[in-house]
Amino acid sequence: MFVSPIREPLIQGHKTYAQMSDDIIGPVEAKPTKTWMLAVTCTALLAITGFVMIGLTITYGIGLWGLNKTIGWAWDITNFVWWIGIGHAGTLISAILLIFRQKWRTGVNRSAEAMTIFAVMCAGLFPLIHMGRIWLAFFIFPYPNTRGPVWSNFNSPLLWDVFAISTYFTVSLLFWYVGLIPDLATVRDRAKTAFRKKIYNVFSFGWTGTAKQWQRFESLSLVLAGLSTPLVLSVHTIVSFDFATSVIPGWHTTIFPPYFVAGAIFSGFAMVLTLMLVVRKIFHLEDYITLSHIESMNKIIILTGSIVGVAYITELFTAWYSQNQYEQYAFINRSMGPYAWSYWGMMTCNVISPQLFWFRKLRRSVVFTFFMSIVINIGMWFERFVIIVTSLHRDYIVSSWSYYTPTYVEVFIYLGTIGFFMTLFLIFAKVAPVIALAEVKSILKSAGDQYIGEHAAHAHHTEDAGHGHYETLIKPQ
Amino acid sequence: MSSTTKFDFTSTHKRNFIILFVIGMMAVLTGVFTGQADAQKTWANLLVNAVFFTGLSALAVFFLAAHQIAFAGWHALVKRVPEAMTSFLWIGAICILVVTGGTIGNYNNLYHWSDTFLIKEKVTMAELEAYEKEHAHGHEMEGDHESGEHHGEEHSMLSNGTVVLASAGSEGGESGMIDNPYYDEILDGKSAYLNDAFFMTRTIIYLVLWVFIGYQLRRFSIKEEETGEKMWFQKTRTWAAVFLVVWAVSSSMMAWDWVMSLDPHWYSTLFGWYNFISLWVASLSVVILLIIYLKRNGYMPQTNENHLHDLGKYIFGFSVFWTYLWFSQFMLIWYGNIPEETAWFLERKREYNFLFGANLAVNFLVPFLVLMRRDAKRNFTVLTVVASLLIVFHWVDFYLMIIPSTVHGAAPIGYFEIGMALAFAGVFLYSTFRALSKVSLVPQHNPFIQESIEHHI
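Those sequence lines, one after another, are chains A and B. If you read the first sequence in the working numbering, its first letter stands for residue 1, the second for the next number, and so on. If you read the second sequence in the working numbering, its first letter stands for residue 1001, the second for the next number, and so on.
Isolated chain A (complex conformation):
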């Protein structure tokens, strides 16, 4: 297949297939480093603290939180939406970018998918513990029961959430695991000890890589990609319905579904960047996660950040345009009320800062990208906080107006989920290849730097008069 001379290579360093296996499987085979042990200890401690706080909440009830009769939803649901949003990048990269034939996705899809699963696990915790009586959580499932005609309320978007998120989790898990099978088999084939061979053999379902297996693998991947594509939209759409189906000013607005989806992808990409930039550095994967990958992801950050920005402005404009005093007040209060700090925090982090990526230098700066990925994650947390808490805290009766501050229990539950997420990710990075080896190998011939780009082996003799100028267009670094 012909590759245009203006495309940048996605695999650097004139890799052979064997080298690629060494580079990517190597970290899985090496003994855990001290840094890794230290990191896991810290994150696990944080996670344990969070679980202790969850234990307290379950024992004593959600009275331990800062909620009150006006603000019945706050950090819990904010964290829930934040984590669900982060989970979106995985499916976007594996399904939508697959459909759009973006080859660079192979460098990051494995980690993004793993991240999705861990993020959804963290998200799922919050509605459960918010129930107060978690032992009755099974009531959310509609099943023939002995409670008389008491069924779950099918008109409630909260119930739709149950189906949307459980479907999403199942499909994402399958997608991720199916992709892992050939790579786990590679780990097995390289294993030195019989025990290790046995373990990885079980987890790779005895994969041998026959043509028939690959054919089935391809069909299954395609079906799962097809199922995942609408899921990228549906999950956060239904999360947005939790708010938009109400008649609360600030919540009831028709732009919510696509705007939540764009915001979710925005925050998901930020989290992928946060994790991948660290992984890239620690595991020395600079040849596989190149500046070109980072630039592509930053372009998606500009795109989704701008969509979110247009949505913020649309909401603000329409609140004024509606000439509905409640709508107008909701936005005046957001931007100038007691929670104005969170609104302006959100605006700065989500609307203004991603626009800096219009500068090519910044898009390709690893340090700046890492910094921005954190800023965006903070901004997207603020967005949910703004939507949820500021819309609630001043309701229709002035005597009920209130201000919410979290208690230490809520803070540590939130930090605990971050610890839990990081712990799972660290363990994953140790036991499985963080880059989809089989998929990266599949693009070597069309994206390796020995085949395309200025260092390509044949570049000198096939170059015609016209093509030479392109190299100035793409300015490889």
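Careful, some of the hints might be misleading.
Unchecked claim - In silico BS3-like links for lysine-lysine, alpha-carbon gap of 27 angstroms or less: (1) A/Lys445 x A/Lys299; (2) B/Lys1230 x A/Lys361; (3) B/Lys1230 x A/Lys299; (4) B/Lys1438 x B/Lys1295; (5) A/Lys361 x B/Lys1235; (6) B/Lys1313 x A/Lys103; (7) A/Lys430 x A/Lys197; (8) A/Lys281 x A/Lys15; (9) A/Lys103 x B/Lys1230; (10) A/Lys103 x A/Lys281; (11) A/Lys197 x A/Lys212; (12) A/Lys281 x A/Lys34; (13) A/Lys15 x A/Lys445; (14) A/Lys299 x B/Lys1235; (15) A/Lys299 x B/Lys1313; (16) A/Lys192 x A/Lys441; (17) B/Lys1235 x A/Lys103; (18) A/Lys441 x A/Lys281; (19) A/Lys192 x A/Lys31.
To be verified - Distance windows between CB atoms, simulated: (20) A/Trp344 x B/Tyr1293: 47 to 57 angstroms; (21) B/Val1032 x A/Ser156: 50 to 60 angstroms; (22) B/Tyr1415 x A/Leu362: 51 to 61 angstroms; (23) A/Val52 x B/Asp1188: 53 to 63 angstroms; (24) B/Arg1378 x A/Lys31: 47 to 57 angstroms; (25) B/Asn1306 x A/Thr208: 26 to 36 angstroms; (26) B/Arg1373 x A/Ser442: 20 to 30 angstroms.
The set of hints was computed from the structure by calculation and includes no laboratory data. Cβ coordinates follow ideal geometry from the N, Cα and C atoms, glycine included.
On the provided structure of chain A, position chain B as indicated by the hints.
Coordinates of chain B only, in the frame set by chain A:
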């Protein structure tokens, strides 16, 4: 390359498009002279077609800009077609300016908010009398407006103007100023945005930017073809990025201004994106039809079912996305059940129930069910049928957004409406085919051309 790389715009083509235009115009004139279509209806239909056909052309600029920015190699072979579609943009822009200018110049009454009498809280008796006298002539039209659902009780008694005058007059007293019974507080509140001067300024800004950037992208592409220099590719990239930024803002605002403000009390935050995607699906369908036409006539031999498969995937995917936006907007308004919001849908359900259902059914089910299979997207006949239906029914989508807000009471689509659309189609096709004949159909110096030629999926 062979001589077939340039499209031959023959006199037969010209004649056919002129005939299309003439037939359309005859239907329009028949409608006007037989009284089938009054002034309001004529203007309203002009707006439907002006927005729709300008949109087809503006979205062609979007097609070029988005693919340029995304380094979409496959599209190099087909890019001449959307490029040619941009040639209609300035004509569409003039049509939009005529319609919106018509409201501002009081030649028509499409944009209700443009009536400044409605935003005066106090008026003199003489002013009120003059206003009522003036509007008594066009009573049918104005009466429909005033008894519209969004004016509520206070205005329903205005159908008998004398009653209001008598009571208002007695309160007036010596000051000479009385409460304006037609005063619309909501419109007054919006008047900082919805006023003649600002509205026209915005309209001109969007149109000038689109036409200018569309022209630039086309010009760079022709320069690239003529000179083979690579700098034009880079210039295209820069202007494509500029267009995307302009489009991000203007696509929503044009929908608020030209379409949503026809019903100035109603609002929906999703409206802009909904309009954008509706036009996008229609514009992609036009691209598909044009390519298939060219191929059937022996042009573009290198463009094959792989390229059409990709375009077919687009109309499949974006039709589902359009449905998603349709559903989100409808469901949230239905579920919230706030009268100010539901009024818009109720009006359409009551008077246009069939079209309302058909719009959703055709624009969703046809591409979804028919284009699901891979071989359907690679079959030119199937694509032709689906793309044609999508163009017609996205036009219906705009008809449903515009007509119920302007022509009150049922206005089914008849020969007049079809005629107007055909006249526009005639001009659109004439302009597009003429542009196609100007430059080689294959952009031989595009850096992605070889990728596009070898494209195989």
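ask   = For this structure, which hints from the list above don't hold up?
value = Failing hints: none at all.
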